[in-house]
Amino acid sequence: MKVLHLITPILFGLTMATAAHAEDKVLRIATEGAFYPGNFTKPDGSLDGFEIELAKDLCTRMKVTCEIAAQDWDGLIPSLNAGKYDAIMASMSITDKRLEVVDFSIPYIRVSLAFATMGDGPLADLPGTGTVVNLDDEAAAGPAIAALHEALKGKTIGAQTATVGVDYLTKAFGGDITLNEYKSAEQSDLDLLAGRVDAVFAGAPILAASLSKPEMKGVKIAGYTLSGSMFGRGAGVAVRKGDDALKTDFNEAIRAAAADGTMSKLFVKWYGIDLTPEWK
Amino acid sequence: MIDLAFLRETFATLVSGVPLTLQLAALSSLLGAIFALLLVWAQVALPSTLGRVARFYIFAFRGTPLLVQLFLIYYGLSQFRPTLSALGLWGLLRDPYWCAVLALMFNTAAYCAEIFRGGLQAVPAGQVEAARAAGFSGFLLFRRIVFPIALRQALPGYGNELVLMVKATSLASTVTLMEITGLAAKAISQSYRAIEVFLVAGALYLVLNVVLVQALGLLERRLMRHLAR
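Here the protein sequences come in this chain order: A and B. Sequential numbering of the first sequence, starting at 1, is according to UniProt numbering. Sequential numbering of the second sequence, starting at 1, is according to UniProt numbering.
Some clues are possibly wrong.
What the hints assert, rightly or not - Lysine-lysine pairs mimicking DSBU-like chemistry, simulated, CA-CA at most 30 Å apart:
1. A:Lys220 <-> B:Lys167
2. A:Lys265 <-> A:Lys220
3. B:Lys167 <-> A:Lys213
4. A:Lys280 <-> A:Lys42
5. A:Lys63 <-> A:Lys217
6. B:Lys186 <-> A:Lys171
The set of hints was computed from the structure by calculation and includes no laboratory data. Computed from a prediction, not measured in an experiment: that's the story for all the values here.
Next comes chain B alone, as it looks inside the complex (with noise of 0.2 Å):
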């Protein structure tokens, strides 16, 4: 029932589209936790001012799916071509990848940001107290105690949202990118095989998350060596 020779065929086009769904999962999810540490940020040092205006921003995009954001960002947008040409944007939103990528990056740094929060608020107030009394303070505190603590308890809902991108990547098939799932789609379209194709494109996708994952578990094994049995 299983045709062996077509799943050959089947992965090695799909294969084609392993690298366009890294550098989206991978550009935005680096774009994506800088402007996250920036919400943060605001929400700490400034929380009555531009602290309100990230809260509103991750309510806003964790509120919506990620599928309307990027419809929004493609089309929507698109309807306002002379103004965005005026101010120079168009060149950046006419292509459908930086759209993918803007809209990947937005959606994630609203989520990573509740992780950063999170991780932050979780540091026990009696370790920075103690760093105070041992004479630490500012960006020292914050480099030697701070961030070291949050970044460990930050750590394993960070790794989940960074599994999530891989395969919020998919939806960049909907603006035309041609990555593992638009290609699946093109070749279901042409075989109308939707078991094996899907089949090897989800096996692909588990591939790429298992190599994410093991990464991540290293990074997690170091960071806590002090706690290794």
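In isolation and in its complexed conformation, chain A is listed as follows (with noise of 0.2 Å):
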């Protein structure tokens, strides 16, 4: 053990060296490889998912070669200002509080939620299923907003306690819903399942995430999926702070990836749904 602790530091110092040295050939990503269906681990070990695709794509027009690689949740920042990484791509939320350590890019995946259902159930037929509204667009919203209202009126919905998505069901629909809180995603899953509640609301990725299972087969996205401020940034590419070159060229190439329909092309594929951001 003594030499262990000798040796460590030794050991450390020289991979940080290493890592340092190599900085100029490889763009290196990190991921958590286990969030599907945004970045997962297949059981062959590789990683696969949405971001996987297109963090590949954003290297390809960045000319540049990229590793990327998978990394516990709570390690992914502490090891991008360590030097491990050169940037993360983990659907991580942009948020006040990342952002007085890191920087993010443009974000890539718009915030949204949307409302699962049974195929066969009483919210089967919701309007716009298939169309992303944007909530800050009130004229835009509105008529599609008082469709769903009319269509929700006296039905169950379930929605993870104490999320954006609990806030803005009770500020839309107030009292002519019944809502069923819940603590997480299976439970508000089973319960739709078993026809205690007649949707389930939630946001776009998890749904996605919760559809791929076989036993939710008989489940599918029903209505108009809900974007907008008031949800939140978004997700970005985590960089170190005042590493502004790498932040302007992963900039420059998530709008050219969004410009010529390949991110539309992935989200259809991964998620079922077009989740491109909008930018000013």
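With the hints in hand, could you dock these two chains into one complex?
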């Protein structure tokens, strides 16, 4: 043990040195590898998912060679700042707290919430399926919300407690719906299958993950998908503070991937709906 | 450090959960007591047949956590929805309220059955014999001699079980019911102030149980007034 104590700092120093040395050759991107369908680890150990494919596409656009590695969620930002990686793409939401320690590119996933219902249930025909409504644009959102309101009247909706989803449902539909709050997504999924709730309202990525499970095969996304600044700022690429060149490269590549439709295609492939953000 | 305005606000929120807590406790205790009497009757009247079933029931429900029983009823049974619909039971089991009442009732019945059996078996044989000598028999013997003595002996234990039931209703919050604990959990996830909210929730349960214990004490004193000095 004593020997270990002595050599660990030396080994650590060595890895740091080699890491710094390799920096100008490849761009090292960290992901979590445990958040289907954004990024996940396949049974053979390789990484796959929306963000993995997007990262490869962005790297091609930036004309750099990329290495993508999985890293525990809690260790993502510390190892970015320690120089182990150059960027994080792990469905990481842009928040003020994180902006204190890292910089973010423009968002590449739009925050959006959607309804999941039973394919043969009372809410299977909710209006607006497949359309994303921006709640910040009140003129466009008004009629869509009114249509949803009409269809949801008297129905029971499940949502995860203390989330923006609960806040929004309470604000928009108030007493016209019965709101059941759950601690976790599995609990509300089970109650949807049991018919105790008519729909589950949750983040589109969470629903995409739920729907990929075999038990959930009778469930589908129905009605308008809602997005807006009240739900948050979306997920972006995290880079070290002050790494402005890399940030700008990512921003340009993300805009280009959105402009030529690559992003929409990837979104539809992995999430079933286009969650390309709108930038000013 | 303690924010009085926040405490008041939390108190107002949590008090709205008191009726549901009381309803759950009262209804399940009542149904549970009736069920427990049936379990005791089965053990006394038909010890070799139905009594065995009753003893196994008590063994199973006393030996497993109430939370597990509640989850089995709420999430477990919902997987047999088509069968339950065919039996006409789904309307009841779909509702989290009835799932909670059923779980609480089945659980307390097992404990109460043991309390009642203990009370019954502690009736001194001499008293029963004396009653028989005085010409009592059958139901009259039970109503006038055995039951009053058994009741007095079971009351302290039964009071304990009632207090436990008031607190056990907090588990109903795990199946979406917004009673005191459910509202407290919600308030915490919004404010992140666990100490204040749980203090208020704890105080509410304490008040409910103080009232209950006082009432039980009154009843006990009344039943035991022949022993009062």
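Outcome of the hint check:
1. For a cut-off of 30 Å, the pair hint linking A:Lys220 to B:Lys167 is broken: about 39 Å separates their Cα positions.
2. Taking the CA atoms of A:Lys265 and A:Lys220, the gap is about 20 Å. The hint holds against a cut of 30 Å.
3. For the given pair, B:Lys167 sits about 37 Å from A:Lys213 by alpha-carbon distance, which is inconsistent with the 30 Å threshold.
4. A hinted pair counts as satisfied when its Cα atoms are at most 30 Å apart, and A:Lys280 with A:Lys42 does not qualify at roughly 36 Å.
5. For the given pair, A:Lys63 sits about 41 Å from A:Lys217 by alpha-carbon distance, which is inconsistent with the 30 Å threshold.
6. Between B:Lys186 and A:Lys171, the direct Cα distance comes to roughly 16 Å. Compliance with the 30 Å bound is thereby established for this hinted pair.
Of the numbered hints listed earlier, those contradicted by the structure are 1, 3, 4 and 5.
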